[in-house]
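K.L.:
Here is how the chains run, residue by residue.
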Amino acid sequence: MAPARSEGFFAALAPRGKAVLFALTAIAICLLFAFPVFWLVLTSLRPGTGVYYVHRGTEFTIDNFHDVLTQEIVVRALFNSFMISTLATVLSLGVTATSGYMLSRFKGPIPNAWFSLIYIFRCVPYVAWVLPLYFVTQQLHIFDSYWGLLLPHIAVHICFFSWIMKGFFDGIDPSMEYAAMIDGCSRWGAFWRVAMPAAIPGLTALAILCWLYTWNEFLFALILTAHETPILTVVMAQFVHELGMEWHLMSATAVIALVPALIVTLFGQRYVIRGLRI
Amino acid sequence: MNEKTRFMLALITPAALVLVLFQVVPILTGANASFRDWTLHDPKRTWVGLANYIHVLRDQEFLEIVLPNTFGFMFASVALSLVLGLAIALMLNKHFPGRWLVQSFVLLPLMVAPVIAAIMIRWMFNDQFGVVNAALEGLGLAPISWLTQRWTTFFVILLTDVWLWTPWFALILLAGLQSLPPEPFEAARIDAASAWRTFRHITLPMLRPVMVVCIVIRSIDAFRTFDIVWTISGGGPARATELFSLYAYVESFQFLNLARGSAAAVIGAIIIVVFALLLYRILNRFVEVSK
Amino acid sequence: MAAVVLTNVHKVYGHVVAVTDINLDIKDREFVVLVGPSGCGKSTTLRMIAGLEEISGGTIAIGGRVVNHLQPKDRDIAMVFQNYALYQHMSVRDNLAFGLRNRRVPETEIAAAVGRAARILSIEPLLDRRPRQLSGGQQQRVALGRCIVRNPKVFLFDEPLSNLDAQLRAQMRLELKELRQRVPTTSIFVTHDQTEAMTLGDRIVVMKEGVVQQVGTPLELYRKPANRFVASFIGSPSMNFITVNVTAEADHFLLARPGLQFRLATARFPDLGSRVGRSVCVGIRPQHIRLGTPVNDKQIGFKGTVMVTEQLGDEQLLAVRLGDGEIRIASVDPDLTLSPGSQIEAAVAADNLHFFDDLKETQ
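Chains as they are written, first to last, in the numbering used here: chain A, 1 to 278; chain B, 1 to 291; chain C, 1 to 363.
Next comes chain A alone, as it looks inside the complex (with noise of 0.2 Å):
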């Protein structure tokens, strides 16, 4: 059979033509992905007067940042949200784990109630029972603080990352497990010791994405808490809706939002990549 004849415009274009149309798409996604974030870092460096004309000022000053901080509401909402995140992740982990392992180890009912209880919570709204969540909460005395908002995100993780847990273990050789029974451990033990460790990559992959959720995590805080804990993200959004609303103030605390976010991402990528090699 003779060769191929040509095929189409892309085969046309020459090697190099090739090369550049390819890096130009590459700098175009980078950019248009970086540019909001881009914007936000330099609207943050213009003091107040220059902010409305970010694109044409010359001036940078950290003043914002300065202002910003010395903002009581903002550092209690800072220290919030790192405790809950933090709190909410190691809690999580323990709760959801157990829940995987049982997935993906066991058969049956049990297994099969608890999976589908588990996704048909992960559809509902989150609306349909936040809302009524303000009463639950107010009825336990924990409204408006740190067990109130830890407690009702544990949920929601054990819904999200249920799954993802039971994948981790089904990666995981069972003979392992039983080859411990039969050395001596009971059921517990063999979860403890033998899976959990071997489960340690993923886990620590999940953690960093559980931190990164709950830090991010906006209705939840928006609802349960009042004055007394805030919340970082709701802080930020009350912001924006104040009238007469100071851009560049509003900048700077996001960008005081994202550090953590960017710091915890940059240091997991490694490990959330290992991890979750889906």
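Bear in mind the hints are in silico, worked out from the structure with no lab data behind them. Incorrect hints may have been included.
[Said to hold, decoys possible] Simulated DEER-style distance windows between Cβ atoms:
{"hint": "1", "chain 1": "B", "residue 1": "Glu183", "chain 2": "A", "residue 2": "Ser145", "range": "55 to 65 Å"}
{"hint": "2", "chain 1": "A", "residue 1": "Val41", "chain 2": "B", "residue 2": "Phe199", "range": "36 to 46 Å"}
{"hint": "3", "chain 1": "B", "residue 1": "Glu61", "chain 2": "A", "residue 2": "Gly189", "range": "50 to 60 Å"}
For clarity, every value in this text was computed on a predicted model and none was experimentally measured. Using N, Cα and C, we set each Cβ at its ideal position, and we do this for glycine too.
For chain A, the structure is supplied; the task is to place chains B and C on it using the hints.
P.N.:
Below, chains B and C alone, put in the same frame as chain A:
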């Protein structure tokens, strides 16, 4: 009850407890509230049957604006993010100098909170001082008042969502692409398949399982979007860009009618659960998805 | 004409040399097997011929035309992969037609070509099924069908039988030979299994660590291995190697080691002259050793102790202690009862001895 069953239950007890208390109970409370006359300033809590539901389902606002908005947003956002994410994944699947740099940029939106993304993009589209209008003016075009009209506001919200979620699609699809065996592609090279034909007949069918899972997950989440709409437009102008979650929120905390808000939320919950189950069924029949 | 000629071909990955200076002259319609342990460069060489790997140096010519810079699709070749590489989401028919459709061949011609290939391989009833629904052997036949449907100049096979179980493998070997008779085409076949190489190839190329060790017909490789590696690789059970010291006597060479010694006439083994005073590695195939004493002066004899016997039904294999070493003897009468520890005498024709200077253990 044997030892194995006891172990199974023990494993999920803490999770089940939290789930019950902080999801099941609230949902039931909400469902309960939706059948009663329950406003936050005057909680009579008398049983009114389906009155709240009927009110919501007859509400013009709900039928003509919220429902179309929500489904339209869901389809548009998922479709756009999927196509862009796939294109980016295909690009990143090749080795080229500076690939790690492009990859890092693409991952940027994943660590930005939706609220922050909304703030950034809202600022860019600010009608007096935003960079977009400045660019338009620079090109000799008239500046647009982005957040005062329905469709331009919608555009900004959609843009934000696509900015946020394209990288998620790209990352998962890239992982999918990288797990594909190389041999069918080598065979295709020998079989004189063009880039397009290879993509259409070989890459795409093999990626289908991953794509379908992504679409389902993302559709469900898109339906529930709250953060960015609230931050960008608050549902405005004049409630024209309200999505589902916002409608329920507004009814509960602005009109202070918890009952109606819960009814709206329950209706939304039913819609999305049915949708999700349908999608899951189609999934399982159409393509083999590992549970 | 579809000869394949490799001239000074070599391949490097960064600093690692995968293939060194290969020169091969494969004739039209010849079936050549590239064989060797994993990592020897056989697959790399095949992929360079296919165009799936860049050539670092040298030229490859197919049908008289240098193809170094041609894309795989323009080289007029077809390839069968180890795991079939069938297009899972197309029917068998579409799998076979894909290559032709890409080349914009008219549908009528495609139908004819597909039908012919399916008949030759007896896969007509499978044409509308998906690869997923086929057994391993059937999938392999479809992969073969993809090859013959386009009538290319060269067939390339990359360990196609390695994924099949032993029985199926033997059957597919026969089917491949039958296919050769019906569609004679220049073929290059890569395998790590020396049995496949011996049974399938017109000529065999033995490779190790990127270097060609020997090229020859199966019988040539069996009877006259060029070095110790080829000797140990070809033939099963593999050759025994015994290191002996060579000393010269009146008209004999004395080859000796603890527990074994024998003399060989200087006149008949002149090559040993250069090894006097040193050690040489003697190779003896297990199949050439016979139990009993030498029957004439063209045989040498030795004594040993039986360690282990393996009963195969039509023959026995013995592991015999010889001095401080061990050798294996094959083709032993299955009815002979030999208990471990019993003394035996064995003989081998001197002409069946091989001599190698490579004294080190091969991998």
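K.L.:
Taking the numbered hints from earlier one at a time, note which ones the structure violates and give those numbers from smallest to largest.
P.N.:
The structure conflicts with no hint, since it agrees with every one listed earlier.
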